[in-house]
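**Q** Please model the complete structure; the sequences and the hints are all you need to start from.
Each chain is listed here by its residues.
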Amino acid sequence: ILNVEQSPQSLHVQEGDSTNFTCSFPSSNFYALHWYRWETAKSPEALFVMTLNGDEKKKGRISATLNTKEGYSYLYIKGSQPEDSATYLCAFPGNQFYFGTGTSLTVIP
Amino acid sequence: DGGITQSPKYLFRKEGQNVTLSCEQNLNHDAMYWYRQDPGQGLRLIYYSQIVNDFQKGDIAEGYSVSREKKESFPLTVTSAQKNPTAFYLCASSPGTVTGELFFGEGSRLTVL
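These protein sequence lines are chains A and B, in that order.
Quick note on this note's numbering: the first sequence kicks off at 1 and runs consecutively.
Quick note on this note's numbering: the second sequence kicks off at 1001 and runs consecutively.
Calculated from the structure, these hints are not laboratory results.
Incorrect hints may appear among the rest.
[Claimed, not checked] Computed, partial: chain B to chain A, Cβ under 8 angstroms:
1. L1043
2. G1096
3. V1098
4. L1102
5. E1106
[Stated by the list, open to error] Pairs of lysine-lysine residues, derived as DSS-like cross-links and limited to a Cα-Cα distance of at most 30 angstroms, are as follows:
6. A:K57 - A:K42
7. A:K42 - B:K1014
8. A:K42 - B:K1009
9. B:K1009 - B:K1071
10. B:K1070 - B:K1083
11. A:K42 - B:K1071
12. A:K42 - A:K69
13. B:K1014 - B:K1083
14. B:K1057 - A:K57
15. B:K1057 - A:K42
16. B:K1083 - B:K1009
17. A:K42 - B:K1070
18. B:K1057 - B:K1070
Source: prediction; values computed, not measured.
We treat Cβ as the ideally placed atom computed from N, Cα and C, and that holds for glycine.
**A** Here you go:
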């Protein structure tokens, strides 16, 4: 079992605040790193698939960076909005997908 | 629209009964997965299949069984041997590559009475 860790476990921020959270994964045998957003009562949806060291991807106010040498990825949300409230999961693919426990974000209006 | 469908959404079972959760996809994906989520825990892999007529145990396969007779379908049976079956179950599919995104169903919540 590969160890994929996410921190913090939960986060409460005020609307308009920027925030970030971390996914740590094994730095050896790296192929890709996935980020998913899971809103309450919905299915998880892919945000980013990252493959290259130093990669930075952006979708609206959400961006992610990747450091494969040290085994971490950051997810940033700029100017958080209530609709950003969700659990954010990272997944490390190998012969299966290994998920972190997620970061639960609550944006308070 | 292409997607992945799980049914039923909610299921109640008496102790000692087997139940089968359905998962169907029309995305033409090779790989399919079953995950379990318990409160305060991440997604744990039960079984996965990368090709028709083949499947592999995940981290918590005991008390579960699957079949993959068709590319589109990957049903999960929760048997009476599963000691703590009350949980939320998620099915997913992917193209089967490390960069291929997972697509998830809406989940099935099983409660054992």
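**Q** Work down the list of hints and note, for each, if the structure agrees.
**A** Here is what the structure says about each hint:
1. L1043: Holds, because the Cβ-Cβ distance from L1043 (chain B) to chain A comes to roughly 4 angstroms (cut-off 8 angstroms).
2. G1096: 10 angstroms, violated
3. V1098: V1098 (chain B) check passes; min Cβ-Cβ to chain A is 4 angstroms, inside 8 angstroms.
4. L1102: 6 angstroms, holds
5. E1106: 5 angstroms, holds
6. A:K57 - A:K42: Within the cut-off at roughly 24 angstroms; holds.
7. A:K42 - B:K1014: 27 angstroms, holds
8. A:K42 - B:K1009: 12 angstroms, holds
9. B:K1009 - B:K1071: Given that 30 angstroms is the threshold and the Cα spacing comes to 22 angstroms, the pair holds.
10. B:K1070 - B:K1083: 29 angstroms, holds
11. A:K42 - B:K1071: 24 angstroms, holds
12. A:K42 - A:K69: Cα-Cα ~34 angstroms, so violated.
13. B:K1014 - B:K1083: 13 angstroms, holds
14. B:K1057 - A:K57: 33 angstroms, violated
15. B:K1057 - A:K42: 26 angstroms, holds
16. B:K1083 - B:K1009: 21 angstroms, holds
17. A:K42 - B:K1070: 26 angstroms, holds
18. B:K1057 - B:K1070: 18 angstroms, holds
Consistency with the previously given hints fails for numbers 2, 12 and 14, ordered from lowest to highest.
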